[in-house]
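Colleague: Construct the entire structure; sequences and hints are all you get.
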Amino acid sequence: MRRMFLVLENDLRRRLKAPLAIVIFIAIPLAMTGLIGVIFGPRAEESRLPPIPVLLVDHDKSIASKLILSSFDVDQMKKMFQVTVTDEAEGHRRMEAGKASAMVVIPERFTLDLLETKPVTFQVVKNPAEQFLPDVVEEFMRTMGVILSAVIQAFEDEVRGLRFMIETPLESFSWETLGPELGKAQKKMIAASKYLDPLLIRLKEEETKATGAKTRISRADLFSMILPGMAVMFLLFIVQTVMRDIISDREDGKLRRMMTTPLRPMELIAARLLSGWVTGMAVLLIMAAAGTLIFHVTWGPFGYFLWLSAAASFWTAAFFALFHALVRNRNQAGAFSAPIILAFSIFGGSMMNPEAMPQAFRAVGILTPNRWFIDGAAFIRDGGFPLIPILILAGSGIVLAALAVPALSRRIMV
Amino acid sequence: MRKIQRILHVAWNDLRIMVGDKAFFFWTLAFPVVFIILFGLLFKAGDSAAQEAELTVVNLDRGRWGTYFVEKIESPGIKIIMSDAEPAEYNRLIILPADFSARIEAGRDQALSFKKRSDASTKAAARVETRLYQAIARVISELVLYGGGDLAKFLDGHPEFRDLVQVKSRFPANTVTVVPSGFDHAIPGTTVQFIMMMVMIYGGITVMEDRKKGVLERMLYSPLSTGDVFRAKLLGRWMMGMTQALMLIIVGKIFFKLNLGSMPLSLLVTGVFAVAMASLSVFIGSLCAKEDMIIGLAVLLANIFAGLGGCWWPNEIVPRAVRRAAMISPAYWAMEAFHKLTFFRGGFSDILPHLGILLAVSVLLTALAGKYFKVRD
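Protein sequence lines correspond, in order, to chains A and B.
Here this note's numbering runs 646 ahead of the position in the first sequence, where the first position is 1.
Here this note's numbering runs 21 ahead of the position in the second sequence, where the first position is 1.
To be clear, the hints were calculated from the coordinates, so they are not data collected in a lab.
Derived pair list, reagent style EDC-like, types lysine to aspartate or glutamate, alpha-carbon separation capped at 20 angstroms:
no. : chain 1 : residue 1 : chain 2 : residue 2
1   : A       : Lys-840   : B       : Asp-130
2   : B       : Lys-189   : A       : Glu-734
3   : B       : Lys-311   : A       : Asp-898
4   : A       : Lys-834   : B       : Asp-171
5   : B       : Lys-93    : B       : Glu-163
6   : B       : Lys-144   : A       : Glu-851
7   : A       : Lys-707   : A       : Glu-734
8   : B       : Lys-93    : B       : Glu-73
9   : A       : Lys-900   : A       : Glu-913
Modeller: This is how it looks when you write it as structure tokens:
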């Protein structure tokens, strides 16, 4: 037993002497979490997206087109859109330079056709390199089209009168006839205000989960969701590096020298397993502490998290003990370990939200430690004890360790 | 001439050794293809959301206005699912209350409960929301047109809303004619990301190992100078990046109908980008003495460059400050150039600034790699 602890102590001391690789592996998940959180985290302002750059080409240059332009000038719209008036050639150039998501083209005679209640068409030229924002602009213009159509139809007579006024010379226009027409318009406006102030039908929006429970995600919540996935992915990388000692010691001849001492194979295997386990625990705790300090990540009850970390680290150490018992040499270990880790991470939900993945990917995900660690961490955040994830990780870890020990004993004795 | 032949010989040998590695095809082809499928399907999901966004309607209304309002919501791109009660699973849901008609007929305002699943498509939610506002605008304008009559009789006969103002969308002239597929977005991003990762990891580790094992030093016994060895190593890593890119582009063309615009120009962008990554790999391999360090640094740099550069998500949704910071990433310039070629049918002059910046980065990194390159520790 004492010899086992001596080997363990020596292993850990070696790691502490040259910690740079481990530090980099710890820095990666933190950097990735920071980047994703900054990009997808909720922002202080109301709009979830940056203001959408929109170009407006006005071939009409009359009342209706000015109205459209001024509608973008309302405070709420200013937060959503950043409008630049331009011509089509310059618009294309700007779009190609990635400086605009869409270009709205108001046709010639737009106002005149509207005043004659003739159908008119806006052109929305969408930036083909963008996938999301041009559609927002298109939908906004459709809504604006509906509102304009509504106004024109509701005040059709008045609009015709306006057209007549525009086209008739001032001196030949009878102002007295305007009185009754204005009276009619006033009645319509009063009728309209009955439905518009307050709006007769409104929407009361809320974001829900499947159960219907209300949710509002802060940036810290987002970090709390991303970091466990990243942490378990790089836990696998780090523990794999630590456990590779099993093979490198053999290849470098260190193992043969160690076996000339009274050290028994079982003690060496146990020391290596413990070394992987302890390093894994330390790594997870460092990531948890850094996550809390830098991103204000919430982990839930710390004791529960400790249990989950212990189970996940043990699973990882046992898995890589078995893995290194099965591979032939260091090169083979290097070639196969990273693909396995990345496959675990893709299917297990470290790289993206499992709910956004195809069903088949999700089904494979339950075979990975990543999925159980991520699920367990989510459960702890909600205040629960992740009994099932811990049991699955610890249980399968014991099976892996049980398989690894005889296989490694054979490798050491050879 | 013979010198060039010798450099080519060493570079070719490096490539042959790398290609001979069992894991090479997994890393350069199989794994990136998994990424392409995953991200392509995700982007494709976004595309299909553009065709049909789902809305569950719970119509509890005891009158006729509820059905009328649902008719107003119906429009292309919206799939309406009627439900008698609030279901456990939905993406977006609107509830028309029992007194919906009564309140309209009494002229009393009301707020309809509109619920959105926080994890459902934001794009589809935005479409449904705007269509709901459009339906409200249509109903209210019909009410205004109807005037002061008895609203209980409105549905028996009323002036119909006409869409006088219509919207037509299109792409700019001389650009794409069909909506780009999810794979058109995913393949360039994945190719750029994996060139970075693999060239840095493989290229860096082999430089380090060759130095530690004395292979580089032994090369000097041949007619090669240190400069020649450096150039050969650089060329070998560049060839590796290009091999990987070619494999992914061919797979993309055959299986995913990849559209990259001008193929020679796309290869030119890939080539210049691969030079920058080859230099970076030699630089990292010269600086680091441990494999784990190289892997760690390569993963860190490749992921940060890919995330910033727009390889994983559309750059348009990224905050402005992050987009500005992205300009430090060579992946950003490569992706921007691909966008110009793929989506704008750009020519050489359109990507010239991007090529210039990538070349400048390559020159800088090559100078750094050359300065730190050593044949022995």
